[in-house]
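Enquirer: Now for the letters of each chain:
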Amino acid sequence: MSPLVLAAGGEGFTPPGPEDFWWPIVGSNTSNWTLTRPAVMVLLSVVLIGWFFLAATKRRSLVPGKLQFVGEGIYGFIREGIGRDLIGSKDFRRFLPLLFTQFTLILVNNVFGIIPFVQFPTMSRIGFPIGLTIITYLVFHAVGLRKKGVVGYLKDLVPPGLPSWIVPFIFLLEFVDKFITRPITLSLRLFANMFAGHLLLLVFILGAEHMILDLGPGFKVVGLLSAVLAVVMTFFELLVEVLQAYIFTLLTALYIGGALAEEH
Amino acid sequence: MSTPARKPPSDDGRDGPLEEARAWGITSYLLAGLLTFGGIGLLLDRWLGTTWLVLVGLLVGVGLAFYLIWFRYGTR
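Protein sequence lines, in the order shown, are assigned to chains E and D.
Quick note: the first sequence uses our numbering, first residue 1, plus one each step.
Quick note: the second sequence uses our numbering, first residue 265, plus one each step.
One or more of the hints may lead you astray.
[Stated by the list, open to error] Listed below are the simulated SDA-like cross-link pairs for lysine to any residue, each with C-alpha atoms no more than 20 angstroms apart in a straight line:
(1) E:Lys90 - E:His141
(2) E:Lys155 - D:Gly280
(3) E:Lys58 - E:Phe69
(4) E:Lys147 - E:Tyr137
(5) E:Lys155 - E:Ala261
(6) E:Lys66 - D:Phe335
(7) E:Lys147 - E:Pro163
(8) E:Lys155 - D:Phe335
(9) E:Lys220 - E:Val232
(10) E:Lys155 - D:Leu328
(11) E:Lys148 - E:Glu262
(12) E:Lys58 - E:Gly76
(13) E:Lys147 - E:Glu262
(14) E:Lys90 - D:Gly280
(15) E:Lys147 - E:Lys66
(16) E:Lys66 - E:Ala55
(17) E:Lys148 - E:Pro160
(18) E:Lys155 - D:Arg336
[Said to hold, decoys possible] Footprint (simulated), chain E over chain D, 3 or more residues, beta carbon under 8 angstroms:
(19) 292-299
(20) 325-339
[To be verified] The following residues of chain E were derived to be distant from chain D, with all beta-carbon distances above 12 angstroms:
(21) Arg93
(22) Ile115
(23) Leu173
(24) Gly257
(25) Gly258
What the hints contain is simulated information worked out from the structure, not anything from laboratory work.
Remember, it's a predicted structure, so these values are computed and weren't measured experimentally.
We put the beta carbon where it would ideally sit given N, CA and C, even for glycine.
Hey, can you work out the whole structure from these sequences and the hints?
Expert: Quick look at the structure:
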């Protein structure tokens, strides 16, 4: 548990804040090379995902077992539900490894936020969403530039059929959208959802603990209510965590599909 | 989402993942409109010594972003 809980004992309540997201394991607070809890968790997630899908595909049979069923379900969902629909049946195959990896990695790391004993969403540290976004950003611009060339790619930013006086403005808008605000919104959406969700859980759980353990009988009732709400919010968080993994993958596919699409 | 049979991808994508993805992508257009034209307004304000061009820029930016979203996704 957080050291704040101990500090709060009898002394008044310290509300949770951004400092609750800093978890050094090896190394000092000031070093650039500190091994942190989210770093260990992301490595753990890679091991877990690798193990799961190796196990799920080890003994493949026509009538799938439980593991194979789940594994193929996730793959089919990414392939048919995201890849084929958003990138198009001609090109989508070569992007499936990227989409599949992004979805499973983000999903596991998000759901870590409510798994007992782990209970921390890796993506609430901004560096992880930024890293994933850089990959998406490089991939969708690279495939667009390779297919259309620099001039063709820039030309294709503007949809055809606009009144000609508005084209320069729309070009500027599209350019800023694709090169600046897309990576910002993509990484911030994932980060902020995980950060806010974890903070919300901390408020309800630490608040409940403080009110039940340290305060008078009237507060104990409110504290119980807060504890119940913490459970409700945990289920709500599960929804948000799955949804955010889905949205990130969905937008990566949309951006790749958009970069490849012929506007003319 | 509630359609019993899957629509073919050649459909305009309504109710499918394409429509959903576009909806999530709208944030980026709105932000781009505000930042770009609000920023131009701010720079013009600095240059000309006025104070109201930043507001005009923000409004124009949001307007253009809405227009583009409507043109891209609403008309085809």
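Enquirer: Please name the hints from earlier in the document that this structure breaks, with their numbers sorted from lowest to highest.
Expert: 2, 6, 7, 15, 23, 24, 25
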